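Visitor: Residue numbers (the UniProt record's numbering), protein chains in the order written: chain A, 1 to 147; chain B, 1 to 147.
Hints in this document: simulated from the structure, not taken from any laboratory. Some hints could be false.
Note that the list lumps identical chains together, so a pair holds whenever it fits in one copy or between two copies.
Computed list of lysine-lysine pairs in DSS-like fashion (alpha-carbon distance at most 25 Å, straight line) [claimed, not checked]: (1) Lys124 <-> Lys48; (2) Lys18 <-> Lys41; (3) Lys41 <-> Lys71; (4) Lys18 <-> Lys71; (5) Lys122 <-> Lys71.
Here the structure is a predicted model, which is why all the values come from computation and not from measurement.
2 protein chains.
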Amino acid sequence: MELYTDAHWMGEALKQAKIAFEEGEIPVGAVMVCRNRIIAKAYNQTEKLTDVTAHAEILALTAASNALGAKYLPECKLYVTLEPCVMCAGACFWAQLGELHFAASDPQRGYNTISQPLLHPKTKVFQGLMETDATRLLNDFFKNLRN
Amino acid sequence: MELYTDAHWMGEALKQAKIAFEEGEIPVGAVMVCRNRIIAKAYNQTEKLTDVTAHAEILALTAASNALGAKYLPECKLYVTLEPCVMCAGACFWAQLGELHFAASDPQRGYNTISQPLLHPKTKVFQGLMETDATRLLNDFFKNLRN
Numbered sequence: 001m002e003l004y005t006d007a008h009w010m011g012e013a014l015k016q017a018k019i020a021f022e023e024g025e026i027p028v029g030a031v032m033v034c035r036n037r038i039i040a041k042a043y044n045q046t047e048k049l050t051d052v053t054a055h056a057e058i059l060a061l062t063a064a065s066n067a068l069g070a071k072y073l074p075e076c077k078l079y080v081t082l083e084p085c086v087m088c089a090g091a092c093f094w095a096q097l098g099e100l101h102f103a104a105s106d107p108q109r110g111y112n113t114i115s116q117p118l119l120h121p122k123t124k125v126f127q128g129l130m131e132t133d134a135t136r137l138l139n140d141f142f143k144n145l146r147n
Numbered sequence: 001m002e003l004y005t006d007a008h009w010m011g012e013a014l015k016q017a018k019i020a021f022e023e024g025e026i027p028v029g030a031v032m033v034c035r036n037r038i039i040a041k042a043y044n045q046t047e048k049l050t051d052v053t054a055h056a057e058i059l060a061l062t063a064a065s066n067a068l069g070a071k072y073l074p075e076c077k078l079y080v081t082l083e084p085c086v087m088c089a090g091a092c093f094w095a096q097l098g099e100l101h102f103a104a105s106d107p108q109r110g111y112n113t114i115s116q117p118l119l120h121p122k123t124k125v126f127q128g129l130m131e132t133d134a135t136r137l138l139n140d141f142f143k144n145l146r147n
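Please construct the entire structure, taking both the sequences and the accompanying hints into account.
Guide: Structure, rendered in structure tokens:
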């Protein structure tokens with residue numbers, strides 16, 4: 001079995017973000033990887049579902065638990081194109097997520113705006129991979145929105 | 001139309017918590033009230049749904065938005081039997097919830113363990129109503145679990 005790199009998985013998350021973009025949603029995408037396999041893909045659907053909780057990460061966590069039949073995801077790696085918000089960080093905490101990889105930072109609403117740790121102490125965090133692509137997509141979205 | 005008191009609505013939330021208890025879930029219940037009417041009821045279903053995001057508050061927010069066809073809930077009041085966690089407080093933030101009423105405090109995992117404000121600045125908070133009943137239900141649940 002081919003072992004994929006983090007860049008491969010983040011590329012898959014970016015594809016999800018692009019689907020969100022095409023559908024008029026704030027373009028954030030996520031994939032959940034378990035043992036070198038994608039077990040869940042999701043993109044932000046807050047508009048389509050009329051539901052502020054329908055962030056890519058929440059949908060990916062729910063789908064991943066469904067796929068594995070397990071509430072806790074210590075062997076899973078979440079790749080998401082934007083730094084999770086407080087809500088999503090809280091969800092990752094409860095899931096005892098193994099690894100969190102995010103591309104762009106979110107200085108306004110990212111969980112790192114909170115000085116206390118919100119993630120589970122066992123969750124390893126990696127950030128910045130494909131940040132430029134993820135940020136460009138978000139900037140294009142908000143530029144279109146203003147025009 | 002009869003105007004119900006906060007105690008009435010919290011009593012309804014407690015009924016939801018009791019259903020959770022009967023079903024072997026951590027007993028937390030919630031109702032969402034809009035213009036003197038319940039538009040959503042929910043109880044914690046993390047076990048049944050194998051989903052750590054299936055807290056009573058998240059389910060109630062999603063159901064309320066579905067009922068109203070609106071993402072934002074500034075005219076809604078959430079009654080929940082336990083202080084929301086960080087994830088649920090983050091969800092209440094995004095929904096721009098009008099009022100949050102909670103019964104028991106959660107010194108371990110409640111959002112007030114975080115020193116920065118997590119709720120929307122416009123959300124009014126009320127706490128302590130029917131705290132004894134809500135706490136007793138939780139204590140009974142964990143006592144049974146240990147035995």
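Visitor: Indicate, hint by hint, whether the structure satisfies it.
Guide: Now for the hints, and whether the structure bears them out:
For a Cα distance limit of 25 Å, the shortest separation of Lys124 from Lys48 qualifies neither inside one copy, at 32 Å, nor across copies, at 28 Å. Taking the shortest alpha-carbon separations for Lys18 and Lys41, only the intra-copy value of 12 Å comes in at or below 25 Å, while the best inter-copy value is 35 Å. Proximity of Lys41 and Lys71 under a CA criterion of 25 Å is satisfied in both settings, with 17 Å inside one chain copy and 23 Å between copies. In the homo-oligomer, the alpha carbons of Lys18 and Lys71 lie at most 25 Å apart only across protomers (22 Å), although the nearest pairing inside one protomer, at 28 Å, exceeds that limit.
With identical chains, the CA atoms of Lys122 and Lys71 are at most 25 Å apart within one copy only, with a shortest distance of 16 Å there and 33 Å across copies.
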